[in-house]
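Asker: Just so you know, the sequences run in chain order A and B.
Quick note, the first sequence lines up with residues 1 to 699 if you use the UniProt record's numbering.
Quick note, the second sequence lines up with residues 1 to 699 if you use the UniProt record's numbering.
In short, the hints are calculated from the structure, not lab data.
Each statement offered as a hint is correct.
Since the list can't tell identical chains apart, any single copy or any two copies may satisfy a pair.
In silico PhoX-like links for lysine-lysine, alpha-carbon gap of 25 Å or less:
#  : residue 1 : residue 2
1  : K573      : K256
2  : K677      : K256
3  : K601      : K615
4  : K677      : K324
5  : K677      : K327
6  : K568      : K677
7  : K637      : K573
8  : K256      : K270
9  : K637      : K270
10 : K568      : K637
11 : K451      : K601
Treat the numbers as computed from the prediction; the structure is a model and nothing was measured.
2 protein chains.
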Amino acid sequence: MSQPLTTVAGISFRQPPPLCSFLFIIVLLVATFYTLHHPDATPPHLFSPNTHNSLTLRRLFLSSASNATVSSYLHSLTRHPHLAGTKPSLDTLNYVLTHFQSLRLDDTRVVEYEALLSYPTHISVTARFSNNTTVEFDLNDDVSSSSGVVTPYHAYSPSGSAQGTVVFVNRGEERDYRALEVIGVSVRGCLVLARKGETLGRGVVVKIAETKGALGVLIYDEKDGGALGGIERGTVMRGIGDPVSPGWPGVVGGEKLSLDDDRVSRRFPKIPSLPLSLHNAEIILASLGGARAPVEWRSGRVGSSQRVGPGRVVVNMTLQGEMKMKKIHNVVATIRGSEEPDRYVILGNHRDAWTYGAVDPNSGTSALLDIGRRFSLLLESGWRPRRTILLCSWDAEEFGMIGSTEWVEEHVLNLGASAVAYLNVDCAVQGSGFFAGATPQLDSVLVDALKLVQDPDDVTLTVEETFKSQNNNIERLSRVDSDFSGFLHHAGIPSIDMYYGADYPVYHTAFDSYDWMIRNADPLFHRHVAMGGIWGLLGIILADEPVLPFDYISYAEQLQAHRDAVSKLLEGKVSVDPLSVAIQEFSLVAKEVADEAKKLKEQAYSKYDVAVAAKRRELNDRMMLAERGFLDSEGIKGKEWFKHLVYGPAAEPESKLCFFPGIADAIATNSSDGSIKHEIWRVTRAIQRASKALKGGFT
Amino acid sequence: MSQPLTTVAGISFRQPPPLCSFLFIIVLLVATFYTLHHPDATPPHLFSPNTHNSLTLRRLFLSSASNATVSSYLHSLTRHPHLAGTKPSLDTLNYVLTHFQSLRLDDTRVVEYEALLSYPTHISVTARFSNNTTVEFDLNDDVSSSSGVVTPYHAYSPSGSAQGTVVFVNRGEERDYRALEVIGVSVRGCLVLARKGETLGRGVVVKIAETKGALGVLIYDEKDGGALGGIERGTVMRGIGDPVSPGWPGVVGGEKLSLDDDRVSRRFPKIPSLPLSLHNAEIILASLGGARAPVEWRSGRVGSSQRVGPGRVVVNMTLQGEMKMKKIHNVVATIRGSEEPDRYVILGNHRDAWTYGAVDPNSGTSALLDIGRRFSLLLESGWRPRRTILLCSWDAEEFGMIGSTEWVEEHVLNLGASAVAYLNVDCAVQGSGFFAGATPQLDSVLVDALKLVQDPDDVTLTVEETFKSQNNNIERLSRVDSDFSGFLHHAGIPSIDMYYGADYPVYHTAFDSYDWMIRNADPLFHRHVAMGGIWGLLGIILADEPVLPFDYISYAEQLQAHRDAVSKLLEGKVSVDPLSVAIQEFSLVAKEVADEAKKLKEQAYSKYDVAVAAKRRELNDRMMLAERGFLDSEGIKGKEWFKHLVYGPAAEPESKLCFFPGIADAIATNSSDGSIKHEIWRVTRAIQRASKALKGGFT
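All chains, please: the whole structure from these sequences, using the hints.
Answerer: Below is the structure:
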């Protein structure tokens, strides 16, 4: 397998589909032209040895980007489907491994775990209509070539048959069932058909249907993806990480629980579920009798004549699957820090894909591989980061963030003691527009990085300018949909997650291919390059700045806003004063720390000044540790593995806040005032712990 | 209040009892003579400024001891009873506070918490014999002057009356009840009378009696203490720390649970209990009818004619107590480190006492105050420790380690990140012979310190020589009987606990006075001085050594021995292979770390060498962190607050190991092989975490 280290040379092809090849060659030509004429695309031999000047270094890094190289990486990565735990996925593993090895970084290794993965063996859905005709649905994506692509399924759905009349449940939210109840429709003993919504994950849709007494769940996507003929695969496992080693690393030879252990079985739904194409769903929808759909459901493709069932159609869904212990493989490449080798900045992306994974996740992988290449060039030019940088390629994310979660579980103690930040990119490019989520102390360093990178869609602007002009806010990372979850929610590591494009139609379908990428999302790989620039730059800044560029004043302001939102939601029912007092204290300490950081940054500093080095280290350690304060060993009630009390998943689908999950759950479940108070106190104490960590010492 | 900074001058008296004064003056005369003629008692002005030579420094420290000064401290501390939460205890607080303040250390402050304490308001025990005579027992210690001493009671025993016939239950262990069952005796509906044993705490004796259906519990001490006429007070609370803020710091204004909250009420027994004098107990014992006591009970004062009851005597015990929120006060004095101010060596002792507290705990307090004085002299001479030293005086230990536990709960995150070791001394002197418990990586530094200190009972020997000749082993700290518990069992801080004398008769009685100390345990305060020497020296060594003197090979050997003991107990029923493999790995890493430490110690080192400083710090951090690996966020089943899986309290009274409490419990309760295996795996993973911490990084 080739190791393209320079702009064009050394790219090999292995029988790509003809259309791909054609488009790819065009891209290459354009990219080569671009590279030669673009002043930023400095070839390696122009690197200045003066890499200790941080601005020069950052410019050098940015100038070393190469669209064509990224494109070639993506092309190689997406040649065939590479679902985790399958043989073809080993090719992708080897590609990434060989790439990092060829760069001669300080260490590159495969980190192996065993995990319980889930695959379909036989799936069928048939519908018998009132006229006694029967249709057996085609369950595959409507795509010309999908050889080797797994049939659309829900991983960890139980095997079995379910047969019954169908009820359309809109998006399958609690309020949808309440609306059905109003019109006297129950789903007990029926199959439910749900269209994909914006808020609930498919696992939650299944869980709610299960509690309502449904026998099985069919989910379809009525938006672009469905319209294209794609069908969305996905996991319905509850919680994240290997289900048979819950809370501990699934190392080879380690403890594995049996499938009938309650700690395992509660991770899986009790009723089967399947994704269905829009086409098939509409056949069922058209045949439904019963009452008309509630008015508030009428949107998208659901019109005023839609009926909710049950009746007039009986559907049988049968699925046979197998759960198997499989080896999964992370790749971790290390660039050792010069002055603080025991402090770590971690860049991570997953490698496994439901299908070809051009967007999800290998747009991110190709950006990561290019960052590796560019870091290697910087190293050759004399650079060495102050802190250690890890470049991580995770496996089995699609099954529930398994590769990264097992790694976090294995290293949680050392992560807590030595990880500065985790920078995640999953789908680097799915469309246009830059989006990011971050823990708030990283807001300002993120914005600083955006200021240095050219907008891929408008050469006259920086990414920061476009980001601002589009009124995009930095999101907060309570969602559990990519590999940052274990780092932030379990280990309390400050994290960033970034992507281009808010949404994309081929999500988890067989259409997510290199072809689709170059036709739709990033024909010239400019967005990939921009993402690689931002991501790598953040890595360099966080690894190199003697004083960590953490901004806890931003965190304090964000906590204040969260407090206000809680207060509003509570309407004076329960006092939030403890939170207010704790945030005020946190804010004061944050200001002191900012002053201290400013002074230390300005302080004249010789390499040989042990005292200044110690002071900086000490301040950095406090800023690094503060995020850990938000962890609580008891975790979120009902989701105890998730320890972060500020950002993390609520256990209740009806929770109305995307922060303070414990408080949100207590309010959503109409808990007693005492329970809400207790959750407010828990967050209060978490903020107090963070203040104490930020302050240091014991006073 | 006086601040005796030199050998004799400046000691004030506040109307001490005449006998005390007389003895004290004699002690002072002897001590002054001793001080003047003893070559080690160098007055401050002889201090050499060359304090950077560590051996010189250690000698200077040892030579600055003063028996008379320690004696004067103890005398002042024990003038009156100073039970936590009572007004007189504030005098003792002020004495300690003023002392540290006068030394002009870098910081001295009072750290206040609110905690639920428990006091008796009315107690009575009456016995009605078969001849219809009634006796109301005198419930006070048989001591001439005990004004202000609290009536003997069990803190947190519920208020109420219990009346019934009495059953003698030997030591109140499970096997004692089994022996009673064999002879057909049930305690259901009866009061039980138990003699104090060696193994079970009084709280557990009450808990077992409760599960057997007893209505109330009377406990007496048949050994010296009882024979003297003393009655042992104590707490019967389950778990440690403030019961209304379980798991979080009881800061003023913080969350407090109500008494009827299950998390609070389960901390208290459901049946009343009281301590009884030996005299009163023997009156009851003599009147018991029923079967003869089982043969195996016949020991001490229980003879072959003893009957177990029930019948022939009906006892009514009535107790009214009050549980009150009280302010408690820790004192924390700080000596800031020069080079690593953010690393902490913590010396701690509690201050509160059931009565006068001459042994328990103020022998330790007087040693701590003297260490403060001597450190202050060293500071004046130019010394400054490399790391920060904290001298801590805890409150409300007697109620359940409350002062230290709340402090640990408040600072658990910063402790985890920056505490090198916790050095506890509770009863510094209760008799002869040096005893110590330690986490095993501190064994060798402890022994090294013992080698430098003269045996107080034989000037020709060092403490180490006597310790060795008496075949005393360093104990392991699974017990929960002093302030190290929170530090080690909850926060994973390497700890040492030390005392002179294995046992003493006046434990928790009104006899525990200055008088008793100078008559019985340490007339010339040599043992106090020796303890102060060892304790302070350990503080200096751990604070000053550039490379921490931690020995993880010793830990590995100890783990190996523990593994062997588990294996023996299991008789091959369940494999301990996972443990073996993990310990082998731990052992290898320990050896690598030892080599690394040796090299770094030998490496030529300039003060200005940032790289060497960073390497030492990095190695030290790994050695510091490794103990944290033994913590598990789920804790010990049934005692979840206790997170340390190697050392900590078993939840089951019948557990047979004083280490690996989770495994011990699983074996003791005849759990399924699966449960035992799971506990073995949990310890295995704890050892793996410790190995990873010791190794550092993520490979």
